[in-house]
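Trainee: For reference, the chains in residue letters:
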Amino acid sequence: MSEAGSTQPAERRLSLLVTVLAFALPVVFVLVPLAIFLGYSFFSVDQGTIVYDLSLGNYVRFFTDPVFLPVFWNTIVLCVSVAIICILLAYPAAYFLTTLKGRWRYALLMLLLVPLLMSYVIKIYAIRSILGLNGFLNKALVALGILQEPSTLFVFNMNAILLTLTLLLIPFAILPIFLSLERIPQVLLRASDDLGASGSQTFLRITLPLSLPGVASAASFVFVLAIGDFLTPQMVGGISGFTFGRILYSQFGTAYNWPFGAALSVALAVVVIAAILVGERFGRNRGTSV
Amino acid sequence: MSAPPRLSTIFLAAITTLVAVLLYSPLFVPIVSSFFTISHGSVDWSSPTLSTYVALAENHDILVALRTTLIVGVCTVILSVVSGTLLALYYHGRRSGRSLLQFIIFLPFLMPPIISGLALLIFFREIGLERSLLTVVIGHTVFVLAIVYRTVLMRLQSMSRTLVEASYDLGATGWQTFWRITLPNLSSAMVGGAILAFALSFDETMITILVTGTQSTLPVRLWAMMRLGFSPDINALVALILMFTVLLCALAARFLIPRQVATERS
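As you go down the protein sequences, you meet chains G and X in turn. If you read the first sequence in numbering that gives the first Met the number 0, its first letter stands for residue 0, the second for the next number, and so on. If you read the second sequence in numbering that gives the first Met the number 0, its first letter stands for residue 0, the second for the next number, and so on.
Keep in mind the hints are simulated off the structure, nothing from the lab. It should be emphasised that the depicted structure is a prediction, and the values quoted were computed from it without experimental measurement. Be aware that a few hints might be false.
[Claimed, not checked] Residues on chain G that point at chain X, a partial pick, calculated with CB under 7 Å:
(1) F67
(2) P69
(3) V70
(4) W72
(5) A125
(6) P208
[As the list claims (entries may be wrong)] Listing some non-contacts, in silico: residues in chain G with all C-beta distances to chain X over 12 Å:
(7) F62
(8) L88
(9) L99
(10) P114
(11) K122
(12) N156
(13) M157
(14) I169
(15) L267
Using N, Cα and C, we set each Cβ at its ideal position, and we do this for glycine too.
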């Protein structure tokens, strides 16, 4: 396409069209909606109609109202907890995968990723029925003698959201950790072994530090996916499990305050961007320079 | 690599088994209930039945929602593959402005869907576009575009430049080179990207809830039904959807993986 001599008029017109599209598509369908959205956060609502006057009222309300900041903070803590539990479960599993040989390694990896393909809504529903009063979890705990009688501890509260999000998001933690573990050069492990290090010394001094970028990416993935989810808390959270995503969603439904919802989204976006940047900063693979 | 001590291997295998059980339990419940009756948390293994599948075939609401989902999926695939390929061809080999625009393309995929969905909702309202299947298709396309773009771009980058140069040397025009050399080499990446786009569109729930009009896709329909509890035929649907998506992704892997491995080796 760079041969200027062979370019025909039709081709030139086409390439102009492609150039325009290449810039227009992302700008019109991504940048403009986000910009309008940001603009909305400075508007307000008066008796069901949107007032197009710029003010910082929504942000002042977010920071001063006693409701929003605590929920915001609790949701962040919840999603950090989800990320930590996911990593605690995913790291050993990913490590186990890398100890397997060839075909088995990838077969098992696929096996652990397949649940991602299942309908999200159905999984939430199934998990709720497992956690519920008559669910399998209570049955198992009673049968094992851990509980005297079925408990409502696992459904319609914050625990339920924590457990459900963890189950839904584990695969997103397994993949980046597996990839970073797999990228560690085997020669380093052999060298450590040759120099007389024990298995646990090699793990703590070589494997673990070199796999931390994968852990950082995993944490950032899981956190971002967890904090943006409003379906799970809506479905398993009940009345006490109130998260930021639910408050945000309600501004566009029952509360009908789009501008305030937009301001809440900006707060959410700030946290998400920070998480992505942290993940990016620590998740970058430094092993390539070795 | 030296064999790790036995105890730690057992521990790792145990955790991995636990993770697999945790991941599969939410799949297991509906699939088992599609063949057996479950009451009060225990399964009646004695009488397997296909009645749920028969009931599913008569559930009009679900079938309509399924059809809507397929229509949205196909439209999304066509739009995203065409525009994703165009964008990849355009940005491949171009440095100026690429990283910024690439970042914009990736934004809807990185941002929580609630933000992308709400931004589009307000955008459609401001330009006076009624919420309908069209807005759903636009929402899905914006969401999956990054995947198709990246898949095609990676294939372009791994494609040997010499093929295109040879074509020019033999006197082919830019247009001929594109149709006879570039496009055939991209086709498997495009098919793979299309399948991934379809799979994502098929299960997209959060953006769809926000931008859909009166017609609902399957996940939105299920979401609405879930508040009241599901009828048993939904379990049959779940089993079928899982089979279908696993097949679809096996297909995507076939199109995306073998060629790349082959080019790496050669």
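Trainee: Check each numbered hint from earlier against the structure, then list the numbers of those it violates in ascending order.
Mentor: 1, 2, 3, 4, 6, 8, 9, 10, 11, 14, 15
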